[in-house]
Structure formats: structure tokens, C-alpha cells
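Enquirer: Chain L is fixed; fit chains B and R onto it per the hints.
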Amino acid sequence: MWALRLCRGLRAVPVPPVRALRSAVPPRPAWQHGEPRPGPQQQVTAEVLGQLEHLALVDFRDAEGVERLQKAIRFADQLREVNTDGVEPMDSVLEDRCLYLREDDVTEGNCTEELLKNAREKVEEYFVAPPGNIPLPKVEDQETFLQGS
Amino acid sequence: MKAEEAFPEQSLAPWVPVVGLEIHAQISSNSKLFSGSQVQFAAPPNSLVSFFDASLPGTLPVLNRRCVEAAVMTGLALNCSINKKSLFDRKHYFYADLPAGYQITQQRVPIAVNGSLSYSLCIDNKMSQMVTKTVRIKQIQLEQDSGKSLHDDTRSQTLIDLNRAGVGLMEVVMEPDMCCGEEAAAAVRELQLILQTLGSSQAVMAEGQLRVDANVSVHHPGEPYGVRTEVKNINSIRFLAKAVDYEIQRQIEELENGGTILNETRAFDSKLGCTVPMRDKEGKQDYRFMPEPNLPPLILYDAKSLPANMNHQQVVNIDWIHKRLPDLPSVKRAKLVEQYGILPEHSFTLLNEDGLAEFFENVVKQTQMKPKKVIGWIIKDLLSHLKQHSLTVKESPVSSFLLADLLNLLVKKDISSTAAKQVLAELWKGEGKTPLEIVKEKKLGLIQDQKELEQICQAVIDRQENEVMAIKSGNQKVLNKLIGLVQRETQGRSNAVLVRQILEKKLSE
Amino acid sequence: MLRASLRQVSAALRDGHVTPTELCQRCLSLIKSTKFLNAYITVAEESALKQAEESEERYRRGQPLGVLDGIPIAVKDNFNTAGIETTCASNMLKGYISPYNATVVQKLLDQGAVLLGKTNLDEFAMGSGSTDGVFGPVRNPWSYSRQYKEKSVPKSHSEDEESNWVITGGSSGGSAAAVSSFTCFAALGSDTGGSTRNPAAHCGVVGLKPTYGLISRHGLIPLVNSMDVPGILTRCVDDAAVVLGSLAGHDPKDSTTIQDNFKPFELPNLTDVSKLSIGIPKEYHAPGLSSEILALWSKAADLFKNAGAKVVEVSLPHTRYSIVCYHVLCTAEVASNMARFDGLEYGHRSDMNKSTESMYAATRREGFNDVVRGRILSGNYFLLKQNYENYFVKAQKVRRLIANDFVKVFGSGVDILLTPTTLSDAAPYTEFIKEDNRTRSAQDDILTQAANMAGLPAINVPTALSERGLPVGLQFIGRSFQEKQLLTVAKWFEKQVKFPMIQLEEVKRHDHGVFQHQKSASFS
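Residue numbers (the numbering used here), protein chains in the order written: chain L, 1 to 149; chain B, 150 to 658; chain R, 659 to 1182.
This is chain L alone, in the form it adopts within the complex (with noise of 0.2 Å):
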């Protein structure tokens, strides 16, 4: 029970044999945190972070935010000692059981004062946003901290 056991994607870790325990609880830890890889390590791009900011509509700030994304790619990265060939990918928990279908009936809306209500921003009984959909420009023009890095 405590003899070693290689399994896949795990370190080995030597535990002293005998020493029989009364409790089933390991005294040691049974893994331990691997060594951040210095693996195929990519240097995020300028272009990727512009890309990034434009999309998701949020912005780096600075140069820690840039570093925080570099954390959490190298920390995703440990996802590649897992050995998962030919297995699929899980959605859901719930991936057997089916879809719940409701009937076509009219039960919600005619509420438009409550929806407006939350709005800081109204016109009559519209929704308002500023005109366009104007990119924002682009990286080379950008005012972020990404210039002086």
C-alpha cells in the first residue's frame, strides 16, 4: 500500500516502507507542486494583448496585469502533463440527461417601466447607447502602458 506507484502524470514521491500506520490517512503528502516549466513558453504578443483588450472590452492596465496573464498561462500550462488521448471532453455533469423543453406560451415581458427602471440611461422607452460602434483604435495608437514596454 505505501510501496511506490508511478502513475501517469504524477511525481513520484518515495515513502518510507513498513512503518505500518493504524490509520488509513497518508502521513505524507502524497504529491507534490511541480516546478513551474520552463516549457514551450511563449512571451505574449502585443498583438495578442491588444487582441485580448479589444475583445473582452477590458484593459491590462499594467505591466502587472500583463504579468498576471503570464501566471496564469504558465499555470495552465501544467494542464499538458495529463496524458488524455482518447478521452472526451465533458460539457456538463449533466451531459446524460436531456434538455428540458417548455411550452410556447406567453408568460413573461409587458414589463418595460421595471427593465428601464435599472437603466442609468433612458430615452422615452428605449435603451441608449452612444452612437456606433466605433473600434477602439488600434494597438500602435493605443494610450495603455503597452508603449513603454
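Keep in mind the hints are simulated off the structure, nothing from the lab.
Among the hints, erroneous ones may be present.
Using 35 Å as the maximum straight-line C-alpha spacing, the simulated DSBU-like pairs for lysine-lysine come out as follows [unchecked claim]: (1) B:K562 <-> B:K472; (2) R:K690 <-> L:K71; (3) B:K600 <-> B:K522; (4) R:K693 <-> R:K752; (5) B:K234 <-> R:K957; (6) B:K381 <-> R:K1043; (7) B:K522 <-> B:K420; (8) R:K1012 <-> B:K381; (9) R:K957 <-> R:K1153; (10) L:K122 <-> R:K765; (11) L:K122 <-> B:K297; (12) B:K240 <-> R:K1043; (13) R:K765 <-> B:K240; (14) B:K240 <-> L:K122; (15) R:K963 <-> B:K233; (16) R:K921 <-> R:K1153; (17) L:K117 <-> R:K968; (18) B:K240 <-> B:K484; (19) L:K117 <-> R:K963; (20) B:K543 <-> L:K71; (21) R:K752 <-> B:K420; (22) L:K71 <-> R:K957; (23) B:K391 <-> B:K529; (24) R:K807 <-> R:K708; (25) B:K522 <-> B:K655; (26) R:K765 <-> L:K117; (27) B:K484 <-> B:K420; (28) R:K693 <-> B:K240; (29) B:K453 <-> R:K921; (30) B:K630 <-> B:K543; (31) R:K963 <-> R:K1142; (32) B:K570 <-> B:K589; (33) L:K117 <-> B:K391; (34) B:K234 <-> R:K765; (35) B:K589 <-> B:K621; (36) B:K570 <-> B:K654; (37) B:K240 <-> R:K752.
Expert: Just chains B and R now, with coordinates in the frame of chain L:
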């Protein structure tokens, strides 16, 4: 139609235009795809919006069974394989009329795939020569419609109405098997008819219930497909043909001038009749598709896989739906041709106009005139009156009963065909008179009195000495002129055949 | 009486020993005097008293709605409550008054429960300390307990309570603190990676994470839709069963609730555990597990063994990857779920109005804190076309492996798994904030996250006090939809360990109650 025939000006290496279509059809249902708010075209702004439609945090989608049935019906009518298990995904992009910041659609496994649609075209604009073509249907997917933005440039703002947000759509993707505007238009027209027959969508383009985006590219035969552009903002079938043909031409010219085609989205400007780049959709768009976590897989059943104990409200049975499909347009047309002996192109016209086939059949039932003759009156006379006054068949001031009545007079030879046209024009005024009353009033009845006719014929013969001489010397064609004169004399109230007989008899004496 | 359990106080209401309004007023008063805990964001005094009055009327007529009638409860501020502000502890939703009640809130109200207020959390439930919300951190009531004070060595008099207080854990820290400090008899939290069980462990209360699909999420502002569940925090396991009974069941408004019939149950008093098979997953001895907790875990295993149960070591080999997997799937869903916050229909809206996109960007910059924004950016990165297969789909595959680990173990005859809930007892705030949110979450969720991956029910049962006088809990994980079995075992265990009641000065002053718990020999 081959490309070279469509664009004969291309004397250089021939171009093969390639056209595919993405058609969004609004599902005809009481409530929306994932929420219980009502589906209705015109309503006060934001009055048909539920908390879910407005993307209030914490709200969740619940699928409308009717929308599933509509998609299955449509898939079956288009010869698709219905996926018994299909999935929903989120497609992310920011836009003021998309409150959640994503649209729920079916990107990975849509509800129906691999179908086909047959449509017919006239060759060289001759109705008599029709050819049948097929376009492959790649897939049909269920997805949400977006809200509407109204641009108020004077006050520099955009007004957002979410009434349409969340309405169920079926996106029908047609493979790039078409090659010109006419084919695209014919395919869409046929799809429209099918949807209306099924009732799965009312498919009225003017009300935004059917929207078409065209994917257009050109290449030389034997070479790989060219870069394609997407053309949006097409509001009618007529404009679809124009937009596609314009874009094909534009691309050919661009390439022949040494330019390149950008993979971009263009809008069709109906006033100018051309396509222009859409500025708003620039930039590298990445929709970051992700499975919709709030919707487990959609499972459909057939007779074999039907579960024993399930609540039947939760079951959509493909076979049950299949059995109850109405006759599709192609079947209806074939039946009309077979039953009434009319020409195939006639059957197209009948089905093309909402209610016309029914009208035709009603007239046939109420008259002794043969259907092969009735059809002419429907397709030429009635239809042209309708078009002139921009009326639908339902709005026709002349009912099938009245028209049948009129045609009966014609069959009985009580009036000539010219007179009948006049009577029809009178009937169109909708003053409540019967055909017979009009005939009497306007004295349009054919002269039945043989003696009277003979007198008139004699009078003409007596007047037209030269013509009589010509006829007697062998020029039979001149007889037509005499007949014409008699007709004029009788104000069209003489039976031409009878007049000819009388004249011939007299002249041979 | 405020220290009584829910069932006890419910009986008292029925017997007329106390009225709903009295109870409500006492709780409200206690909330005021424990304000320094910062457990509540909004206290709905007026509506609560009104609800209490209505309950009282029903009791007078002898027609109470059920066990929950008149019971003061609190709800985490990421559940929609009509007419009461719902903020998710974010600037984005400050001042947002939802027009509808979450299904679980509605169910509680329909049963006559008295909603005292909305509790504090990490912004949008992202965090494991309840320290990262715009209304400030929640303080663990145990920081002010006699047990903790006795064990702590104050460096100097002035440094005493102010700098020494410990966190509640998170993200449902406010709810855990509210239950722990006796201001309410039950509270709703949410659990995505351990957000109910973690603060339950640190605050010494019972924290139940039900099976995914059992309780409706309609109205719960989502973090990760495929893993979120409403969580239940109570003082004892029986109470959790009562609340569960009133909340579980199919909701047509939530397509991820199962359609099977649910029958509320009463927990039997288990005496014979010999037929039980308890699994000890070895990977839950994770790096960093404190020796204290390790010892407690062992003792607990022995407890079962000595009582005749079968206790076996089992393996869930992919446990160590659940945090990485969670990291990818969570940030991706966050990126998606947060896309709706643009200021147009509700919530904060920036004054910037040059264009729709710039307005959106400014609104989101002003409305979200760094943690949220960081996750949105990371999530979008993993969803990019070029990354989707390698990160998102890969994580989904690993998720299946993790879920299969459990299936195998439960399939081999194990009924319940016994594990620690946290790596250590609650950290002092000043220590906790030294690490960034993501690192902390990754560390703290290690023992709780996998149950969310697999959708399994899990519960924290307070077990004993640590050397510092702070609560430590142990976790039981059960099979899908087998809450009855899970809670039965948890109840048996709870009875064995006799976790001590918190000794809070504030409460003593408020409580002239009928019910006084005996302080009995504790487990440690």
C-alpha cells in the same frame, strides 16, 4: 446558366463565380426561443422583453419546444439528417443590441445537417424553358435573434429596442453551389415557399422574418476558390440577385485590374445598387465559441428510440413530425400539373403568388371552362390586374365565383374574349355588379341574331370594293381585314368564326 | 436562544416561547452590535420586521407554513432579491435593485422565512478569503472568541484585536460569519470551488454543497455555470437537511436542474456504521496540509474504524490537476458571464460616451476590480481560436478524468469519502493579503474543488479547535444525489465530535435565552 452566358463580356480567361448563402428565418412561434416573452412584429419599444432577454444577471435560458419542432420540420423538408443529439454554444461579441455580450447558437452540433434544396430557373427568361437545380444545405441551426438599434444621428445616440432580442431563428446554410444572382434568388424564393408551407416561418422579408447574407467569390476554372466576401443588408429577393451580381462583377473587375479581394463584410446599398465595405465589422474578430453551460444536450427521438415512461410534453418525435408534414411546393406543383394539365411553369406562377393556386382551383370548380384555358385568365389577366393595383390575391375585388361566372359566359359563347376582358375590367371596380349585368349594361353580348350579322357583313362588303376584289382574285389574307372591319362595326360583339363563315359564303356567291 | 439550532428555535416558535418579531428584533440588534465583523452588506430591517409580523400572525392563527416560518435567515449578496440591493460586492452592481427573487430566495420566503439581509463576499464570488469585495473584508467571529483570544499571544496591547483578526475564508464568508455569530439560523452561500465549505470550516459551521442539478440556480449570479451551486450554511447537520428539503427540486426556470422527483427527508439517527465504507483519498494529503489537520483527519478515520465501519485508502489520481483545470474553465466562463456588464441595461455606467465600445470599456474598467478583470482577460485568452483546443478543451478532458476518478472509487463499494476541508485553520488577515487572489484561491481550493468538477455533494462538518483556538472542519463527499446518505453520516460524525460552541462576548450580552448548550469534552 453558365458563367460565360451570364457574363458574356468576359472575353479574357473565364471566371467561375461561387455563391453561398446564410439565411436567417424567424421562427413562427408565440414566444421566444429561450424565454416566455411574446414574438410580435410591431409593438411598443421594450414591451416584449423578459428579464432574460435583457440579460439581467442570474437569468437562465429555457428552450421553447415549438422552436425545436419548427427546426425539425424544416430540416425534414430540406432532406436533412436530423441530429438526435445537438448542442448549444455561446458566440461572443459586443454590440449594443446584444445585451448578454454573446449569442446562443449551435456551432458544434446543429439540429440538422446535410440536406438539399431543389429550385427551378427559367433559361433565357423564357418561362417555357425551366431547368431544375439543386443546392446542398450544409446545416440548420437554432439561434437567438438580436435586438434592434435605431441610430439617432441628430442627437448623437443610438436607441435600443430589445423586442426582437431572443426571438428564435433558424439559420439555413446553403453551400456555395450557386453561381449567380438569379440562382440565389430562385433558391431563396423556393426556401421561402417551403417555410411558409410548413408554417415554421412566415418568411416575409419586408418584416425581417427572412434575412439573407451572401458569400461571394470568383476564381478561374481549375484553380482554388478565391477570397470570399460576405454581403449583408439585403432586404428583398430582387435586391439579392442584384447584390450578388454586382459583387461578382466588382470582384472580377478588381482582379482583372490586378487588385486583390479582401475577406471582408460588405453592405448592399439598394439606392446605389452596389456593395460597400462595412466599417463597423473591422478588426480581427474571434467569437471565442464556448459550450453553453446552462443548456444540457437537446435530445430528439424517433419511433425506435422513444422512451417508455417519459412525459410526452418533453418528447419531440421526428417520425411523428415527418408523417404530418404538409405537401411541399414541389409536390403541390406536380399535383397541379397532373390534375389540371397545366404547364410546369404555370404551376410555379400559381405557387409563387400567395393564394393564387387556391383561387385557380376554386374557379375551376365553379366553371365549365377547361382548366387549361382557365389558367390563362388567372396568370395573365387576373394577375396583371393584381400587380397593377398592388393587391394580394386575398385582396382581389373579383372573387373566384365572379370570375368563374364570367368565364362561363365565355364558354357558352355569349361574349367574345375581348368583351370578357372588358367585363373583367368593369368587375375590378368592385361595384357589386354581376358579369351578366355588365354585359347587358355595356351591350357586350355577342350578336346572336344571324340576320343582323349578315346585314352588317353585307354592308362591309358593299363598302370595301377594293378588298373584295383582292379577295376574289385570290388574296385570302385580306379577308382578315374585312373581319376586322365587321368587328369594329359590331364593337367587338361578333363571333369572329361566324363572321368569317358569313363573309366567305357571301364572297363566294 | 440565538445560539439554538434552527429546529430548536422553530419548536420554540411553535410552542409560543418566543415570537417571530422578538426573534427578528434580537437578530437585528445583534447584527448591529457585531457590525465590526462586516458580515452584512445590506440589512433589510423594515422588510424583515414586516415578514416577522406576518409570520407571527400565522402562528397566532395556528397556521404556520412549516419549520422555516419566522426563522431569520441571511442570503449571500450574489442572489437576486427583489426590492433589496444585490451588489455581488462590486462597484458594477452597487445600487442595483433586482426586479425578481432567485428561486431559492423565493422558496425560503414562501416558507415564511425572514430575510434579514444580504451578506458580504469576494467580488463576484471570486476569492477564498471574502477579502476582495468593495465593501471590505469580512472578519471571522472566532477572532473575537474567548477560545482564540486565550491562545493568541498579543504582541502589544494596541495590536491586540485590530491586527490579529483572522479571515472567514471565502467566498461566502459573510454568510458563514452570520451563522457563526448567531445573527441568523441559516444562510445561503454559493459554492463553485469550495466557497461554502471553506468559510464553513474556518467559521466552525456546517457548510453543505449539494449535488449539481439538485437546487435551482435561477437568480444566482453565476461564476461558473457548470459548477456553481447554492450552498447551505447552518449550525448543525439536521438544520442543513431542513433547509435542503425546502430548496431542492426541479425548477422549470433552470434547465440544469434535474427533473426527477425530490422528496424532503428527515435524517435518521444512525447508530450502526458497520455497513458503511469510508474512503480516504490519499491525494487529499496535499502539500501544505498542516500537521494538526492531518492528525484530526487520522483520528476521524480511526473513529469510524473503531465504530465498525470499513475504512479504506483510495486514490483519486487526478486530484492535483483539479485546480489547474478549474483555473482554465472558471476564467473562461467568467470571461463569458461578465460580458453582459456593459452599463446599458443595468448596473454601473461610465460617463464616457464617445462611442458604444468606449463606453463599455470605461464602464468595465470602473466597475470591476483587478481580480475580476484579470480573470476576464485570462479566460478570453484560453477561448481564443488558437488556444481553445490546447487549453479549454484540454481542461474539459481533464475534468472528465477527475469525474471518472470518483466514479471508479464509488463504484468500488465506497459510500462516502472523508477528507480535510482546508489545509490549515484561518489565517490572519495581514498574512492572507500578502499573496494575490489567484494564488490564494489555487491553494485554498485544492481540497474542495474536485467535488465541483464532478458535481458531487459535499459537506463540511466542524470537528475541533486548532492550537490557535480556531475551528477546523472535515469534509465528507458523497455520491450524486445521495444527500440523505451523506448527511446521515455527517450527522453521526457531528454527534461524535461534539464541536464546542463559540464563546462570544457580544452574543452573551444579547442572549437571555432558554437554551444553553453545555460545553462538553471536545474532539481534539
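Enquirer: Now, for every hint given, state plainly whether the structure supports it.
Expert: Right, here's what the structure says about each hint:
The hinted pair formed by K562 of chain B and K472 of chain B fails the criterion: a straight-line CA distance of about 47 Å is larger than 35 Å. With a C-alpha separation of about 42 Å, the suggested pairing of K690 of chain R with K71 of chain L is violated against the 35 Å cut-off. Simply put, K600 of chain B and K522 of chain B have alpha-carbon atoms about 31 Å apart, close enough for the 35 Å limit, and the pair holds. At most 35 Å may separate the alpha-carbon atoms for a hinted pair to count; K693 of chain R and K752 of chain R meet this at roughly 20 Å.
A hinted pair counts as satisfied when its Cα atoms are at most 35 Å apart, and K234 of chain B with K957 of chain R does not qualify at roughly 49 Å. The hinted pair formed by K381 of chain B and K1043 of chain R meets the criterion: a straight-line CA distance of about 24 Å does not exceed 35 Å. With a C-alpha separation of about 41 Å, the suggested pairing of K522 of chain B with K420 of chain B is violated against the 35 Å cut-off. The suggested pairing of K1012 of chain R with K381 of chain B holds, with an alpha-carbon distance near 26 Å, which does not exceed 35 Å.
Distance hint between K957 of chain R and K1153 of chain R is fulfilled; the C-alpha atoms sit about 15 Å from each other, no more than 35 Å. Proposed proximity of K122 of chain L and K765 of chain R is supported: the alpha carbons are some 34 Å apart, at most 35 Å. Distance restraint check for K122 of chain L and K297 of chain B: the Cα-Cα separation of roughly 15 Å lies within the 35 Å cut-off, and the hinted pair is therefore satisfied. Under the criterion of a C-alpha separation no larger than 35 Å, the hint pairing K240 of chain B with K1043 of chain R is consistent with the structure, at around 12 Å.
For a cut-off of 35 Å, the pair hint linking K765 of chain R to K240 of chain B stands: about 33 Å separates their Cα positions. Proposed proximity of K240 of chain B and K122 of chain L is supported: the alpha carbons are some 27 Å apart, at most 35 Å. Annotation: proposed proximity of K963 of chain R to K233 of chain B is violated, straight-line Cα distance about 49 Å (limit 35 Å). Between K921 of chain R and K1153 of chain R the alpha-carbon distance is near 25 Å, which keeps this suggested pair within the 35 Å criterion.
Simply put, K117 of chain L and K968 of chain R have alpha-carbon atoms about 59 Å apart, too far for the 35 Å limit, and the pair is violated. For the suggested pair K240 of chain B and K484 of chain B, the alpha carbons sit about 44 Å apart, so the restraint of at most 35 Å is broken. For the suggested pair K117 of chain L and K963 of chain R, the alpha carbons sit about 60 Å apart, so the restraint of at most 35 Å is broken. A hinted pair counts as satisfied when its Cα atoms are at most 35 Å apart, and K543 of chain B with K71 of chain L does not qualify at roughly 69 Å.
A C-alpha spacing of about 48 Å is found between K752 of chain R and K420 of chain B, which places the hinted pair above 35 Å, so the restraint is violated. Our distance criterion of 35 Å between C-alpha atoms is broken by K71 of chain L and K957 of chain R, whose separation comes to about 38 Å. Proximity of K391 of chain B to K529 of chain B is assessed by CA-CA distance (about 26 Å); at most 35 Å being required, the pair is judged to hold. For a cut-off of 35 Å, the pair hint linking K807 of chain R to K708 of chain R is broken: about 38 Å separates their Cα positions.
For the hint pairing K522 of chain B with K655 of chain B, the CA-to-CA distance comes to about 33 Å; that is within 35 Å, so the pair holds. For the hint pairing K765 of chain R with K117 of chain L, the CA-to-CA distance comes to about 25 Å; that is within 35 Å, so the pair holds. Between K484 of chain B and K420 of chain B, the direct Cα distance comes to roughly 41 Å. Violation of the 35 Å bound is thereby established for this hinted pair. Distance restraint check for K693 of chain R and K240 of chain B: the Cα-Cα separation of roughly 44 Å exceeds the 35 Å cut-off, and the hinted pair is therefore not satisfied.
Proximity of K453 of chain B to K921 of chain R is assessed by CA-CA distance (about 33 Å); at most 35 Å being required, the pair is judged to hold. Distance restraint check for K630 of chain B and K543 of chain B: the Cα-Cα separation of roughly 42 Å exceeds the 35 Å cut-off, and the hinted pair is therefore not satisfied. Annotation: proposed proximity of K963 of chain R to K1142 of chain R holds, straight-line Cα distance about 21 Å (limit 35 Å). For the given pair, K570 of chain B sits about 15 Å from K589 of chain B by alpha-carbon distance, which is consistent with the 35 Å threshold.
Annotation: proposed proximity of K117 of chain L to K391 of chain B is violated, straight-line Cα distance about 45 Å (limit 35 Å). Straight-line distance between C-alpha atoms of K234 of chain B and K765 of chain R comes to about 33 Å, which keeps the hinted pair within the 35 Å bound. For a cut-off of 35 Å, the pair hint linking K589 of chain B to K621 of chain B is broken: about 38 Å separates their Cα positions. Between K570 of chain B and K654 of chain B, the direct Cα distance comes to roughly 30 Å. Compliance with the 35 Å bound is thereby established for this hinted pair.
With a C-alpha separation of about 28 Å, the suggested pair K240 of chain B and K752 of chain R falls inside the 35 Å cut-off, and the hint holds.
The structure does not agree with the numbered hints 1, 2, 5, 7, 15, 17, 18, 19, 20, 21, 22, 24, 27, 28, 30, 33, 35 stated previously, though it agrees with the rest.
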